[in-house]
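K.L.:
On the provided structure of chain H, position chain R as indicated by the hints.
One-letter residues, chain by chain:
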Amino acid sequence: MARTRRIEVDQPPLGLAGSGLKPNLYDLTIFILIAAGFVALAHGAREIAAPAERLVGQPIVLDPAYLPEYALRTTLRMFAAIIASLIFTFVIATLAAKSRKAELVILPALDILQSVPVLGFLTFTVAYFLRLFPGSELGAECAAVFAIFTSQAWNMAFSFYQSLRTVPRDLVEVGRHFRLSPWLSFWRLEAPFAAPGLIWNTMMSMSGGWFFVVASEAITVGDTTIKLPGIGSWLAVAIDAKDIRAVVLAVIAMAVVILLYDQLVFRPIVAWADKFRFEQTAARERPQSWVYDLWRRARLVRRTAQVMGSAVRLVERLTPRPAPPPAECDRTVSARLFDVLWIALVLALVAYALWRIVLFTRATLGFDDVVTAFGLGLLTFTRVAVLIALASAIWVPIGVWIGLRPWAATRVQPVAQFLAAFPANVLFPIAVVAIVAWRLDPNIWLSPLMVLGTQWYILFNVIAGASAFPTDLREASTLFRLRQWQWWRHVILPGILPYYVTGALTAAGGSWNAAIVAEVASWGDTKLHAAGLGAYIADATTAGDYARVVLGIGVMSVLVVSCNRLLWRPLYRLAERRFRLE
Amino acid sequence: MMDKLDELLIVDHIRQAYPKGSGEDLLVLDDVNLRLRDNEIVSLLGRSGCGKSSLLRIIAGLMPSTGGNVSIGGRPVSGPAPEVAMVFQTFALFPWLTVLENVELGLEAQRVPAAERHKRALAAIDLIGLDGYESAYPKELSGGMRQRVGLARALVVHPRILLMDEAFSALDVLTAETLRTDLLDLWSEGRMPISSILLVTHNIEEAVLMSDRIVVLASNPGRISAEIKVDLPQPRNRLDPAFRRLVDDIYARMTARAAKPSQGLFPGTGISMHLPRVSPNLMAGLMEQVAAEPHRGKADLPALAGPLQMEIDDLFPVAETLQLLRFAEVAEGDIKLTDAGRRFVDLAPDDRKRLFAQQVMAYVPLVGHIKRVLDERESHAAPASRFRDELEDHMSVQFADQTLRTATSWGRFGEVFAYDEDTGVFSLDNPA
Chain H
1 MARTRRIEVD QPPLGLAGSG LKPNLYDLTI FILIAAGFVA LAHGAREIAA PAERLVGQPI
61 VLDPAYLPEY ALRTTLRMFA AIIASLIFTF VIATLAAKSR KAELVILPAL DILQSVPVLG
121 FLTFTVAYFL RLFPGSELGA ECAAVFAIFT SQAWNMAFSF YQSLRTVPRD LVEVGRHFRL
181 SPWLSFWRLE APFAAPGLIW NTMMSMSGGW FFVVASEAIT VGDTTIKLPG IGSWLAVAID
241 AKDIRAVVLA VIAMAVVILL YDQLVFRPIV AWADKFRFEQ TAARERPQSW VYDLWRRARL
301 VRRTAQVMGS AVRLVERLTP RPAPPPAECD RTVSARLFDV LWIALVLALV AYALWRIVLF
361 TRATLGFDDV VTAFGLGLLT FTRVAVLIAL ASAIWVPIGV WIGLRPWAAT RVQPVAQFLA
421 AFPANVLFPI AVVAIVAWRL DPNIWLSPLM VLGTQWYILF NVIAGASAFP TDLREASTLF
481 RLRQWQWWRH VILPGILPYY VTGALTAAGG SWNAAIVAEV ASWGDTKLHA AGLGAYIADA
541 TTAGDYARVV LGIGVMSVLV VSCNRLLWRP LYRLAERRFR LE
Chain R
583 MMDKLDELLI VDHIRQAYPK GSGEDLLVLD DVNLRLRDNE IVSLLGRSGC GKSSLLRIIA
643 GLMPSTGGNV SIGGRPVSGP APEVAMVFQT FALFPWLTVL ENVELGLEAQ RVPAAERHKR
703 ALAAIDLIGL DGYESAYPKE LSGGMRQRVG LARALVVHPR ILLMDEAFSA LDVLTAETLR
763 TDLLDLWSEG RMPISSILLV THNIEEAVLM SDRIVVLASN PGRISAEIKV DLPQPRNRLD
823 PAFRRLVDDI YARMTARAAK PSQGLFPGTG ISMHLPRVSP NLMAGLMEQV AAEPHRGKAD
883 LPALAGPLQM EIDDLFPVAE TLQLLRFAEV AEGDIKLTDA GRRFVDLAPD DRKRLFAQQV
943 MAYVPLVGHI KRVLDERESH AAPASRFRDE LEDHMSVQFA DQTLRTATSW GRFGEVFAYD
1003 EDTGVFSLDN PA
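From first to last, the protein sequence lines stand for chains H and R.
So that you can map any letter, position 309 of the first sequence is 309 in the working numbering, and since no number is skipped, the others follow by simple counting.
So that you can map any letter, position 241 of the second sequence is 823 in the working numbering, and since no number is skipped, the others follow by simple counting.
One should not assume that every hint holds.
What the hints assert, rightly or not - On the chain R side, residues computed to face chain H include the following (Cβ under 8 Å):
1) Leu-644
2) Ala-674
3) Glu-690
4) Val-694
Treat the hints as calculated values from the structure; they're not laboratory data.
Idealized CB from N, CA, C, for every residue including glycine.
Chain R on its own, in the form it takes in the complex:
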């Protein structure tokens, strides 16, 4: 039933773009539509850089969108909205305020009288299991306890929607799990003064564990690629075959797009391709892992992620870089080594470097470009600023910096060229 009345949050054709060095703007979110109803938990699942945090901030009224509308409870959002409260990834507690003062902050801004403020803050602290810590300072608390303060601070203002921005990702595995379970308990018992939860995450299992509905965001630009209803009964068991099937299915959906490398794994084309920060050692490590028992050259990404303690934000960029360099193929949630990848694993360090250099020169246009420029110049040297300027015509300053650093790191590993940090000059001669 899609009754207009119980649609708490309506996100309508949201578009978000940033101006870049030259030419078109960089599109971060493209035509995003989203509905949130009373009494449901919805996850926004996507990789870093897909614009999911931007979307959350647009919903919270912290950031204006370039196009489209957001309305909460029928009213359009045009600034920080009183109906929502956010829990931050970094906790964002004020270190000079005690737990109680931190929780009271939102009420103080609303000018709630001191006595009521105190009462409500204590109730929230009690609810979230922090009693006894009222006068502690955040730095005296563990990460899990701090995030509980963040949660109490959000709940105390009695929002209709609780927004969670990667709220568990800064916590260790066990602490995060305890907090998730506690939150789900409070939710199912109806003890929190909220109607719905919208959580942003890059952790597939977390999304499946907690939500009634998962909205998958694809990157470049961020757009909704799938919406998955989760019907499993709460409490959910990670080892339940149905749970595993759903996780595998989402992995497959999130890697399906990467099947055709020619279309570009990374935004930008030619020398202006954005390169991710992936070190050659990490690539070698993953290749060895895939080549080894029990995978023997072909591995299921979720099965690989578990034992390596890697989340998709760590794993996907490495896998995709291997695909870019034709060391592996990634499709349908699987990673498979190519011939070059298998050869690489068996080689001695020096030969590995030679093979790496070949692949990088062939498939990373920026590295090839730097090498060509160095070959052509009589001095066989060129300042980094020359290439940085070139990149900045196509991408933001930060991306240009990251891309050039990555190209430098790969070029150095393959001994394609040398780079002197002090002078900022690329050259062909390796330092003695």
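The following block holds chain H by itself, in its conformation from the complex:
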């Protein structure tokens, strides 16, 4: 029993995969387009200038009797977002995989969008959705769901795209040979092949999503304050009321929710997805889940599968039989012409986008605003860098120790995954109380909150890497009696590097996002404030200053993309090329 369970699917995560290290022309193009999109949104949001519209919702009551209902509402929001993300994934990723032109736009867009701080989105979208459903909570609900969606959709779509592009050639040939219709081929070949990667990414996205659902339930944009019924709002009210008991209750409720999610959703689905693993030999160790075993014994899985199978067949029967596809055609002159038109269209769009950005920034921002934002960005960057380094120094040795001992790994791994899913912002108030009580410097002591929730990604990826480390290499290094330092340097660190990079990238990305809620904190009337880009965005949001929100988001995106390109991607490539075991 050399390894525990394989948690990682053999796909580089979004942000690590990609051909070039340097930003290319396409990245720049897409970046300008996305930035212009934000500018347009911000501009529109200002125009709305809705009078402080009080939302007619039920106020949040800090009564434990309401807590189960709030927890349920929070969970439902989560599921609404995941369904939206799945639909987005199926449409967009399939489009990118099937059309070369769509691919050229979608891929860089996904890469940049995943670097945009999710909580920054909220500012504009709240204004929009509120106008869409005037006087009702539905608008705010949509905004919250949309915020969670933006934290999940990109890497799911990317994983699905990657799988679609790597469907084994011979299976594709079988599909064409037996003349499967595109619909049947999608459900019999492409979707099953992509399932393990997509499901793993969906589950990781959901784990990350809890953080955002909590953060997006209670939000203030300018004069509009929204508190949707949920654990996040309960927490916000508790903070205003300085009610530590309510905070503790929220932590407990959240823990129960995550535990149920882990046992009833995450594990059964991962165990089920194992069936789709593309392997030709049966693995000895498979993911376990008691809920899945129950389902299976109740033949529920088979029944569900049968129902889904008949649905697929029904649609297949209803659609007209397509003409046999021509056996791949050559690129013709008209295709070239279309290419030229396409490029011209994109260029025109970029020019227009640039013009809009210049107009917008000239009207509202000065050059020193940009300098300020970048200065603050560097401060936050320093925080993220120092904290990831500290977290690595602590968790890499611990993770290796655990990973090399199967009995420990099987016990610790679920705990690490649970901790990664637990929304750390629920714990923030407790830390803030401590900082206030001991009069600590918020510039230093607010920082650890940024990695509170994200450090676990480093831990469980390192555990996975160490568990997968081949026994024969370990035995060989024992025989050579390597000294401690040599063993770390030449044996285990190279062995776990791909896993570590994946974990550290996720952790760093999460920390940037967390900065927006971690650099500004309050306890009743006491406001704690750390200088940084996160606080800059948070303050601009509270003040309803859309121009500065856009600037903050833009600067943060540039910093995150640069980190990915200049640090993580080269590291990952090195790891892939030199240290890939198997």
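P.N.:
Quick look at chain R alone, frame taken from chain H:
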């Protein structure tokens, strides 16, 4: 009798070319003509890279040809043809579908009603000897059983022609033999719903064992070099002298072309010669084998292939590389060591390297070219990309990569030059 009516498959002047870096296209198949009649098994025999799999895919309608026509039962093929079903070398089963679901797949695409689909799939599974495994997943089965699923999946759609693409080559020797025998039994008893079988193989004995007719494909570009009728009665015995004679004869035909090394064993000339992936250790191993008892410097290739468990795809590239380096001569199915080859076998490791370096420098223009460039430069170093670009002007990216890797490996073995993988730089100084 060449009655037009019983010509099931007509392959007419098929030509296949791929564009390459610069200049002319790379010709893979050149003017291939082939007929397949009812009730016969025909083998397409050739080495890897001779385009035989491409030909099969063109026939199946999976790939368009650059020129020529294919027609089945009088109708031209312009896309995946319903009259043929293919068995794949890699089995190509869907791992998430059970045996039954895999077999039903083709029928599902044809929208056969569920009840009939089920009945036909079970019949095919039964025929091929898989009963009891209907609900198993492919990963639970051995290689032989998996290929039976592949066979059942092909038969269940009732094709007229069964195409087999190296269907036995991924199986171990015993399993492959059992499956071949079972297939021949079903064929001779007329229990399979098919008219003819076209099988692609690089295994000479397999072709002789199974087919009524063998079509030999030569490489660079792929073209038909011989057509051999096999009259031996079924079941055939590999040890039958007539069987052995036929095998030897085909070996001779397939190596005859290589008699004149100046004409080029490998496609391309000068530094753009495509080099095969053959390691110096493999060359040394084969030379030792030929030098040893009972061959004493001259061996019959089939006799050498048997005990070494090598198929022609493994053996020929090594033999031809030895010929390129003038360590051996290959002709008429025999391999004979040259003086250099005999000397090499007797030398100590360091002297072997020196002799190898001499031969490689003399007869592999690319290695000589790299060495010259390094000598001329003051730094005695040059990036690999420089040579890769040069090669890519003459061949595809994959071939350029393979050729440069081979040149690197041979140059390193002979200590002609050193190569640093990390920096991608060739240099003259050996790492300390």
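K.L.:
Which constraints among the numbered hints does this structure fail? Numbers only, ascending.
P.N.:
Number 4 only.
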